[in-house]
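Heads up: the protein sequence lines correspond to chains A and B, in order.
Here numbering that gives the first Met the number 0 is used: the first residue of the first sequence is 0, the next is one more, and so on.
Here numbering that gives the first Met the number 0 is used: the first residue of the second sequence is 0, the next is one more, and so on.
Misleading hints may appear alongside valid ones.
Pairs involving identical chains hold if they fit within one copy or between any two copies, as the list cannot separate such chains.
Claimed, not checked - Calculated cross-link-like contacts (lysine to any residue; reagent style SDA-like; alpha-carbon spacing at most 25 Å): (1) Lys258 to Gln227; (2) Lys47 to Val134; (3) Lys76 to Cys155; (4) Lys76 to Lys209; (5) Lys76 to Tyr158; (6) Lys110 to Thr100; (7) Lys76 to Gly236; (8) Lys110 to Asp16; (9) Lys209 to Thr307; (10) Lys209 to Asp312; (11) Lys251 to Glu224; (12) Lys265 to Arg315.
Treat the hints as calculated values from the structure; they're not laboratory data.
Just so we're clear, the structure is a prediction, and the values are computed from it rather than from any experiment.
2 protein chains.
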Amino acid sequence: MQLSKQFLNQQQDQVYDALIVGGGPAGLSAGIYLQRYLLSTLIIDKGKARSFWMQELHNYLGLPPDTSGRELLNQGKDHYLTTGGDYLNAYVEEVIDEGETFAVRVRIGRKHPTYMIVRARYLIAASGIIDHLPVLENMQNVFDYAGHNLHVCLICDGYEMRDQRVGVFGSSESSLEVAFPLGWFTPYITLFTNGAFEVGADLRDRLQAKGYRIVEQPIKQFLGENHQMTGVELADGSAIELDAGLVSMGSKYHADYLKGIDLEYKGGNLVTDSMNRTSHPRIFAIGDLKVGMNQVIIAAADGALAATQIWRDIRRSEPPRNFQTNVHAA
Amino acid sequence: MQLSKQFLNQQQDQVYDALIVGGGPAGLSAGIYLQRYLLSTLIIDKGKARSFWMQELHNYLGLPPDTSGRELLNQGKDHYLTTGGDYLNAYVEEVIDEGETFAVRVRIGRKHPTYMIVRARYLIAASGIIDHLPVLENMQNVFDYAGHNLHVCLICDGYEMRDQRVGVFGSSESSLEVAFPLGWFTPYITLFTNGAFEVGADLRDRLQAKGYRIVEQPIKQFLGENHQMTGVELADGSAIELDAGLVSMGSKYHADYLKGIDLEYKGGNLVTDSMNRTSHPRIFAIGDLKVGMNQVIIAAADGALAATQIWRDIRRSEPPRNFQTNVHAA
């Protein structure tokens, strides 16, 4: 059920089988599987999953290609709630390993927050990432286009950018390397540094050999209307026409709550085994937070794998559950 | 596009980037991703994917839990066709590795088959498995319930069987071991050997210690109506009431066409790496045919992974594609 603040004063003694941090595709899928394994589950979601911003999921099997991320999340949350899982809108601040359980410190509410501790035997880190966006004077100008034709994922949206004039917005020299795989989809590429970093001679040569243009002065604003970016206005007042943009500025990893626990990372991503178990036997990582491809369909499968492994762990470690009914003669 | 026999006399020279054997969830997802990577793709499907039999997909994120396998497959096929992929209803008989390409021998039609050779650079084995079912005198009596409340997948349908009286239909001693994880969902388990094999003393003791019943005489027929099995009638005329059944008789692996190629297997499953590449660098295996869990959401993610790796391979091995248009000044 959807939990409210009232929850603070009830159920304090409950230990969930699994607590899932993040109600995106990975977390919701894990929750559905766990509940269907008759394991008690709490999803804690702070809102604004990365997929929430996706206007159209073009590559998710089973859904029409104009399905929005929001629709998927709403359907998934409804599905999860019908399985009897608990769902709390809150922010996970810290996780403490108590040996058999985790104590998870949760902040509920923004203006006048209240704090509580929830306990669970297993933890699933499904809190994902969020893309860094270009920092302009007027950030609303960025948000107007992000998730529409200002893309953040080449694998997701390369197809949408085929043969288009695409601006790549980078944050470092290495971030511009995305131009080369983007070149599979279109040759009309302009790279923007926004005046924030230098492009060395080697990379400059390689980009120019492909015919890509490099623009190194600051960006004044994005141009366009109705969420369709049509170009960029530069600091000197000149404008560059574009059909689409691709942001390549790295990501913020939502994993601060795991700081107190010794886990193996690769870059910002958690290293996991084939069932998505981290280097801690009772912590799983799924979706964009783990090493691997950041795709909704993969995140959803990740959830199924982690949930199944947790079920196996619990099933093998304890006697059969107490059956609720005894109406049938065995 | 949907290809017909006419295709035989056209396009004979085409070499597809990837040929996908099987139009189930894994193959369709791979096809959607490949087409969106601007790679030419042919799916060859013989019909009757395992998921075609599923009446309700209870655990696929994004779809209401009463969605049938058939609906998912229809949606996925439509989706794939809108990306421009080719689809052929046919049966793959043999695959010959020609070094740079595969020559794939295909049979079209059943009564008066015609044969053709199709070529592709990469092969994706997505042809899956099909469950063995109990062999009774009247097989229609089995088909009446299979996929309804005569289940074949504990992970998928354990939840549906919770607290129910479940009959397990095995084909060997080891196949009855499924009773123990099934015991997580219900204690009311009856095991049927259909008179086909012996149950040794050790397993018998372990099953009986759990209170499970073993029935060793042949089954005359399943009882029930409207696709809901209500029990089993035995050879001696006695009847046992059940709420559901679970078939545990192993599977047929649809991989005969790969016989001529040396590939690494584990049991009947193909061994793959994390991107679903087999031990052959240009053959990928996805879905139920590969080692791993047999779940629709995982099969769909498998397709995304294999397609992405094939795109990377091709992209890194060749010059950029020829761009179709030249309307934009770069």
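**Request:** At 25 Å max between alpha carbons, let me know whether lysine 251 reaches glutamate 224 within a copy, between copies, both or neither.
**Result:** neither (28 Å within a copy, 56 Å between copies)
**Asked** Which holds for lysine 76 with cysteine 155 at a C-alpha limit of 25 Å: within a copy, between copies, both or neither?
**Response** both (23 Å within a copy, 19 Å between copies)
**Prompt:** For lysine 110 vs threonine 100, is the C-alpha pair at or below 25 Å within one copy, between two copies, both, or neither?
**Reply:** neither (30 Å within a copy, 63 Å between copies)
**Item:** Identical-chain pair category, lysine 76 with lysine 209, by Cα at 25 Å
**Value:** neither (45 Å within a copy, 37 Å between copies)
**Asked** Taking 25 Å as the upper bound on the Cα-Cα distance, should lysine 209 and aspartate 312 be classified as within, between, both, or neither?
**Response** For lysine 209 and aspartate 312, the Cα distance is within 25 Å only across copies (20 Å; inside one copy 52 Å).
**Prompt:** Is the C-alpha distance from lysine 110 to aspartate 16 at most 25 Å within one copy, between copies, in both cases, or in neither?
**Reply:** neither (31 Å within a copy, 55 Å between copies)
**Item:** Up to 25 Å CA-CA - glycine 236 versus lysine 76, copy category
**Value:** neither (46 Å within a copy, 48 Å between copies)
**Request:** At 25 Å max between alpha carbons, let me know whether lysine 265 reaches arginine 315 within a copy, between copies, both or neither.
**Result:** between (31 Å within a copy, 24 Å between copies)
**Asked** Using 25 Å as the alpha-carbon threshold, which applies to lysine 258 and glutamine 227: within, between, both, or neither?
**Response** Neither. Shortest intra-copy (39 Å) and inter-copy (52 Å) distances fail the 25 Å Cα cut-off.
**Request:** Please work out whether the CA atoms of lysine 209 and threonine 307 approach to 25 Å or closer within one copy, between two copies, in both situations, or in neither?
**Result:** This pair counts as between: shortest inter-copy Cα distance 23 Å, intra-copy 47 Å.
**Asked** Can you tell me if lysine 47 and valine 134 fall within 25 Å by alpha carbon in one copy, between copies, both or neither?
**Response** For lysine 47 and valine 134, the Cα distance is within 25 Å only inside one copy (19 Å; across copies 52 Å).
**Asked** Is it within, between, both, or neither for lysine 76 and tyrosine 158, if the alpha carbons may be no more than 25 Å apart?
**Response** between (29 Å within a copy, 19 Å between copies)
The structure fails hints 1, 4, 6, 7, 8 and 11 (numbered hints given earlier, in ascending order).
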